[in-house]
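Protein sequence lines correspond, in order, to chains V and D.
For any residue, its number in this note's numbering is found by taking its place in the first sequence, counting from 1, and adding 229.
For any residue, its number in this note's numbering is found by taking its place in the second sequence, counting from 1, and adding 224.
Honestly, the hints are just simulated from the structure, not real lab data.
Treat the hints with care, since some could be wrong.
[Unchecked claim] What follows is a set of in silico ranges between Cβ atoms, one per label pair, in the way DEER data are often shown:
1. D292(V) - Q406(D): 54 to 60 Å
2. D300(D) - K317(V): 39 to 45 Å
3. G270(V) - T381(D): 34 to 40 Å
4. A413(D) - K317(V): 49 to 55 Å
5. I273(V) - E267(D): 41 to 47 Å
6. K317(V) - E314(D): 50 to 56 Å
7. K380(D) - K306(V): 38 to 44 Å
8. T423(D) - G282(V): 23 to 29 Å
9. G270(V) - E314(D): 29 to 35 Å
10. S414(D) - G282(V): 40 to 46 Å
11. Q319(D) - S299(V): 19 to 25 Å
[What the hints assert, rightly or not] Below, simulated PhoX-like cross-link-like pairs (lysine-lysine); rule was C-alpha separation at most 25 Å, straight line:
12. K366(D) - K359(V)
13. K339(V) - K290(V)
14. K380(D) - K359(V)
15. K398(D) - K339(V)
16. K276(V) - K317(V)
17. K334(V) - K317(V)
Just so you know, even glycine gets a beta-carbon here, dropped at the ideal spot from N, CA and C.
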Amino acid sequence: MFDKKTDDKQSKPATSSSQVDRGDLAATSVTSPARACAMIGSTIHIKGDISGGENLVIDGKVDGTIDLSSHELSVGKSGTVKADITAKTVRIDGEVQGDISGHEKVTVSKSGNVRGNIVAPRVTLEDGAKFKGSIDMDPGNGAVAAPKAPKAAEVKELHKDNKPGEAAKSAS
Amino acid sequence: MIPVFRKTTAEPPPRQESGDTGSAATVQQSQLFATLTERLEPEQPLSVLDIGPGVAATLEFFSAYRCRLQFADLFDLLPMAATEEGLTEEQKQQQLQQQFTEALALPADARFDLILFWDLFNYLDSSALAALSQALQPHLHKGSRGHGFVQRDRQKTPPDYGYGVRSENSFTIKPCTRQGLQKHCHAQASVERQLQGFTIQRGVLMLDGRLEFVLHAC
């Protein structure tokens, strides 16, 4: 079910080192020093939580959660993901419904369609990308916390001609 | 504060973005957007709600700030109307407000410093405009500001646009099609009357019959 892309064309013996948890199915683990990433093919549908120690390409359908904190995730054009995603970098060419946390970068390409909240130091929306949700570009904001409402007392103290930025300021 | 309304002929017509030969992206000068952005400081946390879909240019512009940027993409969910029969006017209005609340899908505790209403009002009648403002009320604070464009002149019919911020003084606009949506024109006084929680601080009538406006929460 997980195809493996390899940099070299020589087949190499598979040994265990990476792990993909997928609900009720047994984990698949295959290792190759030359492996670039694991791949979920376009006809595969997974319900469950995915975590692992290597890069992953999703061309199929995933419902659950995806945690690749130290690696890259790519959702291909035919990929459909309903999951909260955590990865080092995330590239979306297909559809994602869920919150995305990118430790380094999140890119939604021109064919990408995302409904959810993105938290990452760098976010790129390519021309033509569809996105509905929030993008948090404040590195000091801490994870996915929503802007907090100013307390009643704080609101009263705000000057009539306050500058924009008060919502976040009063929240911090 | 007395709203300022100025008719101007200084605003140049949209010009084609250099190098863009595809879908005729043009640059639209803005006389008012800078009055909002000049007050922003890069190190100051900022919370922005764009009523439209996510646009690369807008994201790029606000990435210079410590910003949380929310794209609500309400255009995708229009038209909105009370559908149940036998409702009183008040009940219809409540149902409409509920539809906007669900469409906005904002966190209950979200408060926005800046809300961007580019062209949305063109597709809302008076009651929908009021319902939208009621749905936004819990997400405003006294320093909240708004910016938008609305069609004011019935005699002129510019195309539908998708907007992105190009600079403090200009927008990138692309004609787009929003088929099946009835268009509405709103005078400045009408917008101000329907938008609860906001007053129009400044308005500038553009050559193509659109009104650019800046809102202050009240």
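Out of the numbered hints, which ones does the structure contradict?
1, 2, 3, 8, 9, 10, 11, 12 and 14
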